[in-house]
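*Asks:* Sequence:
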Amino acid sequence: MPLPRWVARFNLYVTNRLLGPLASRLPGIGVVIHVGRKTRRRYRTPVLIFRRGNRLIIALTYGPESQWVRNVLAQDDCELETEGRTVGLSHPHLFHDERREAMPSFVRFMLRLLNVSDFLEFTIAERAASQ
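Under this note's numbering, think of the first position of the sequence shown as 1, with each following residue one higher.
Simulated from the structure, these hints should not be mistaken for lab results.
Please read all numbers here as calculations on a predicted model, not as lab measurements.
Take the hints with a grain of salt, since some may be wrong.
Unchecked claim - Derived CB-CB ranges, DEER-like:
#1 PHE106 x GLY36: 32 to 40 Å
#2 LEU48 x ARG99: 13 to 21 Å
#3 ARG41 x VAL107: 26 to 34 Å
#4 ARG40 x ARG112: 34 to 42 Å
#5 PHE106 x ARG42: 29 to 37 Å
#6 GLY36 x SER105: 34 to 42 Å
#7 SER105 x GLY53: 14 to 22 Å
#8 GLY28 x LEU94: 19 to 27 Å
#9 PHE106 x ARG41: 30 to 38 Å
#10 PHE106 x THR39: 34 to 42 Å
Glycine included, each C-beta is placed from N, C-alpha and C at the ideal position.
Make the full structure from the sequences, and use the hints.
*Replies:* This is how it looks when you write it as structure tokens:
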């Protein structure tokens, strides 16, 4: 398990509420908008994002069992708010990489310290969902 679940709960109730409004405006950070599998509610989850051409990669710091990851995989798409705009993401692909090769060097080092080696990769939709 990369980070303890209590850290996730703390982030959900404290950190995300403070940083949430900024997350959709800053480069390298975004807000994944997804629909709950059971509740059908829309949820907003702040994440660190890494762009590789027309692909986008998110390091799963809380592991692939996180509810937002399960929602996105079940839905097969989501939206991402970043740098003041919304883009569509599709075809999520969950992968495990002990070497963290898709990440920049500094990030790779930090993820190694946190024992994070699971990632979610998306195709960025050609069209923007809204601006």
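*Asks:* Decide, hint by hint, whether the structure agrees.
*Replies:* Okay, the hints, checked on the actual structure:
no.	hint	verdict
1	PHE106 x GLY36: 32 to 40 Å	holds (34 Å)
2	LEU48 x ARG99: 13 to 21 Å	holds (18 Å)
3	ARG41 x VAL107: 26 to 34 Å	holds (31 Å)
4	ARG40 x ARG112: 34 to 42 Å	holds (38 Å)
5	PHE106 x ARG42: 29 to 37 Å	holds (33 Å)
6	GLY36 x SER105: 34 to 42 Å	holds (36 Å)
7	SER105 x GLY53: 14 to 22 Å	holds (19 Å)
8	GLY28 x LEU94: 19 to 27 Å	holds (21 Å)
9	PHE106 x ARG41: 30 to 38 Å	holds (36 Å)
10	PHE106 x THR39: 34 to 42 Å	holds (37 Å)
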